[in-house]
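Student: Guided by the hints, dock chain H onto chain C, whose structure is given.
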Amino acid sequence: MSSAHYAPGPADHVPPELVRDFDIFSLPAGVEDPIAHWAALVDGDTPPIFYTPRNGGHWVLLDYEHIREAYRDHARFSTYQTPVPPIEPYPVMQPQGVDPPEHKRFRSLLAPLFTPAAIARMENGIRRRARELIAPFAGRGRCDFVREFSAVLPTGMFLHLMGMPEERLAEFHALSDVFMRSNDEAVRAANIADIYAVIDDHLAWRATHPGDTDLASVLLGARDEHGQPFPHQDLLNCGFLLFVAGLDTVTSTMTCIWRFLATDETARHHLRASLANRERLSAATEELLRINAVANLYRRVQQDLAFHGVRMRRNDRVVLPNSIANRNARVFANPTTIDLEREVNTHMTFGVGPHRCIGAHLAKAEIMVSLQEWLARIPDFRLEPGVRIEAYTGPVMGMRNLPLRWSNS
Amino acid sequence: MKVDVVIDLCQGHARCQDRCPEVFGTDEIEGKCVILQPDVPAGLEQKARLAVRNCPEGALIILD
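If you read the sequences in order, they're chains C and H. For the first sequence, the working numbering gives the first residue as 1, with consecutive numbering after it. For the second sequence, the working numbering gives the first residue as 1001, with consecutive numbering after it.
Some hints here could point you the wrong way.
[Stated by the list, open to error] Label-pair restraints from in silico Cβ distances:
hint: 1; chain 1: H; residue 1: 1037; chain 2: C; residue 2: 213; range: 29 to 35 Å
hint: 2; chain 1: H; residue 1: 1045; chain 2: C; residue 2: 182; range: 50 to 56 Å
hint: 3; chain 1: H; residue 1: 1004; chain 2: C; residue 2: 408; range: 28 to 34 Å
hint: 4; chain 1: C; residue 1: 227; chain 2: H; residue 2: 1064; range: 47 to 53 Å
hint: 5; chain 1: H; residue 1: 1004; chain 2: C; residue 2: 334; range: 30 to 36 Å
hint: 6; chain 1: H; residue 1: 1064; chain 2: C; residue 2: 88; range: 50 to 56 Å
hint: 7; chain 1: H; residue 1: 1064; chain 2: C; residue 2: 167; range: 56 to 62 Å
hint: 8; chain 1: C; residue 1: 9; chain 2: H; residue 2: 1045; range: 52 to 58 Å
hint: 9; chain 1: H; residue 1: 1042; chain 2: C; residue 2: 201; range: 56 to 62 Å
Quick caveat, the hints were computed from the structure, so don't treat them as lab data. Glycine included, C-beta positions come from ideal geometry on N, C-alpha and C.
This is chain H alone, in the form it adopts within the complex:
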């Protein structure tokens, strides 16, 4: 499972980082999403999927 962010849609809610900090981080300038692990490690798929679904901007995508 791969994840990505449409950075123009991201507004820095950081809900992805709250839900799955192993995969999603935020930068120090705008506080926008930084994908730490584009290839989601085994065992974190469910957490990463929930993080994607919790984005209020719909800025995250799952690439299977």
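For reference, chain C alone in the conformation it holds in the complex:
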């Protein structure tokens, strides 16, 4: 592959009226809610399809139907070589970075481990972990939610799934933090090499210490249609995806949800009354997921095209902000109201189409079980006054800290 094969060209096809200065990696000083910062895009005069020159230049889609269309049409919007800002060569994450139908090879390998039935079997493990995390601070009356809960629970589950040593959790978290938050090309290139080294070491160790159910062992044991093992590079690429997709997104989602709950007594009350009713809790969780959609996904235009009257060129990058799709007034009644009993909620927090987030059911189970365990021990809580929340944005939005306080009666 030539080094510039997937680099976007100059933006001379972009009419000036579609250009806005929007840096997906930066928040204005003092902004504590990155999702609200993005949501403000639709309040002004921003065109529903706009172009920002930042980070190598890219489009952003704001309309629910446009985003949905881009997710489902891989002939026009590829998941192959999509990074913003563009760097090459970029890891071909398996299966996320491969277009249908080729994505099926690895998607089919992983899918049985992430079905609702498979995730249901993990619920006891999630519950045990949640209880163990809450116990030390429940009586203290305060905690940093990120450091002591949301960064630990999903990461621990991921390491367990991969069969990786949990004592390396902090180290892995630092790696995924750089991956999601840096737009410095040299830092990112070194970071990608570091993550590959972690995955490679782990696969090598699992090759001589096979497990039964961990993902690394499943990948190593998998055979293609000719009975051959998959190429090592593909296994690395699959491990890479699971690493970067599994360590960060649930942490960020949970943190955004708990920040909201800390400020909304009615929502806490509704959830406490729903903890034992699975269907009610599930619907409420879907609404929390709708309003706290932390991912902004990337696609690459496959060939010169017109998309709803807008000319796009091959290799143009397109950013799909799920949180904005989820606030579309034509799709959601009272879209900015958080209605935990919302009847129709076709949110796109996990994307749609063939690349729908494979970990969606795990993410939802982690959040539901955490709500049950947390609210049983800590029914009421609020933000610690006077402590600044440090927010971030990028392909995943969230907060680095969330100081919470409650009365420890």
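Tutor: Below, chain H without anything else, positioned relative to chain C:
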């Protein structure tokens, strides 16, 4: 009331199963929709209808 799934559109969100587990399930291989009761039992029509409307892929259909 009858329900059906366009399986090629289903991507395994399982929102139907969450909303109306009496009528909709998911398989253990791909996690895709399995219609447990194509003829929706009396009393479950409203729940099944909501489950259909909650599919983010529009993969479910109601055949009256």
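Student: Of all the hints given earlier, name the ones this structure violates by number, lowest first.
Tutor: 3
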